[in-house]
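Each chain, letter by letter, is given below.
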Amino acid sequence: EAQVTQNPRYLITVTGKKLTVTCSQNMNHEYMSWYRQDPGLGLRQIYYSMNVEVTDKGDVPEGYKVSRKEKRNFPLILESPSPNQTSLYFCASSQRTGSADTQYFGPGTRLTVL
Amino acid sequence: AQSVTQLDSQVPVFEEAPVELRCNYSSSVSVYLFWYVQYPNQGLQLLLKYLSGSTLVKGINGFEAEFNKSQTSFHLRKPSVHISDTAEYFCAVSVWNQGGKLIFGQGTELSVKP
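Quick mapping for you: the protein sequence lines, in order, are chains A and B. Using our numbering, the first residue of the first sequence is number 3, and each one after it goes up by one. Using our numbering, the first residue of the second sequence is number 8, and each one after it goes up by one.
Hint data in this document are derived by calculation from the structure and do not stem from the laboratory. Incorrect hints may appear among the rest.
Covered by chain B, according to a simulated footprint, are these stretches of chain A (three or more residues, beta-carbon under 8 Å) [what the hints assert, rightly or not]:
no., stretch
1, 38-50
2, 108-114
Cut-off 30 Å, straight-line C-alpha distance, at most; resulting in silico cross-link-like pairs (DSS-like, lysine-lysine) [unchecked claim]:
no., chain 1, residue 1, chain 2, residue 2
3, A, LYS59, A, LYS19
4, B, LYS76, B, LYS56
5, A, LYS71, A, LYS59
6, A, LYS73, B, LYS56
7, A, LYS73, A, LYS20
8, A, LYS59, B, LYS56
Don't be surprised by glycine CBs; every beta carbon is placed ideally from N, CA and C.
Just chain A, same shape as in the assembly (with noise of 0.2 Å):
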């Protein structure tokens, strides 16, 4: 089955304890990216990825950082998390980097910063 997975689910942690989401497609898509989504504000854009080795900034990387050293896989890094990147997390990929491409989300990682 084709999908994008995102581990964990759900993580609560306290403040400064590095921690990574995982994120995996098995579609062989070469876009993916990091959303966050909090109430009111929508899902907003953290980092995205065109390729192996091709990562840049979205709107709100501060905080964040990620790799992409397999095409499958696109991990989310926090290294000092805070309590406002308590958030609900969505990793998503698309086949090609056009922007008329439909993208594929991950379930969430729902985490938690106290």
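Start from chain A and add chain B according to the hints.
Chain B alone, transformed into the frame defined by chain A:
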């Protein structure tokens, strides 16, 4: 810069009634338009998209949307809703020269009551 405004944060409606979810966008360049749906505890999935051509776009689950360039709107409609349509709906735009980045509206919670 581009922006998307969903005019209603919550829309309650009775089963089998028609519904319209409103979306307006702002952009100085051409955009592609999308509607995504998020069922409870799930990721987003594409309902429909407008790229070019006919301004009336049909999507999954009986939804359709009409692109109105002069009013910069892309309202979503369904003639008769079901309980199972209860979800959050997001309008989004992408710009032709900005890769796969989606700019989302704030979301509209559709609540269908028996």
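### Query
For the pair supplied as a hint, LYS59 (chain A) and LYS19 (chain A), is the alpha-carbon distance within the 30 Å limit?
Distance ~23 Å between LYS59 (chain A) and LYS19 (chain A) Cα, so the pair holds.
Next on the checklist: Given the hinted pair LYS73 (chain A) and LYS20 (chain A), is their Cα-Cα distance within 30 Å?
Outcome noted: Measuring from Cα to Cα gives roughly 24 Å; hence the hint holds.
Practice item. Check, residue by residue, whether the stretch 108-114 of chain A contains three or more positions whose beta-carbon lies closer than 8 Å to a beta-carbon of chain B, and give the verdict. Key: As far as the stretch 108-114 of chain A goes, the hint holds, because 3 residues have Cβ atoms under 8 Å from chain B.
Checklist line | Straight-line alpha-carbon gap LYS73 (chain A) to LYS56 (chain B), limit 30 Å | finding: holds (26 Å)
- Do at least three Cβ atoms from the stretch 38-50 of chain A come closer than 8 Å to Cβ atoms of chain B? Since three or more residues must qualify, the claim that chain B covers the stretch 38-50 of chain A holds, with 7 doing so at under 8 Å.
### Query
Between LYS71 (chain A) and LYS59 (chain A), is the straight-line Cα distance small enough, at 30 Å or below?
At roughly 17 Å apart (the allowed maximum being 30 Å), LYS59 (chain A) and LYS71 (chain A) satisfy the hint.
Check: Would the pair LYS59 (chain A) and LYS56 (chain B) pass a check requiring their Cα atoms to be no farther apart than 30 Å?
Finding: The given pair, whose Cα atoms are some 25 Å apart, holds under the 30 Å limit.
Hey, LYS76 (chain B) versus LYS56 (chain B), does the alpha-carbon distance stay inside 30 Å? holds (15 Å)
This entry satisfies every hint, going by the numbered hints stated previously.
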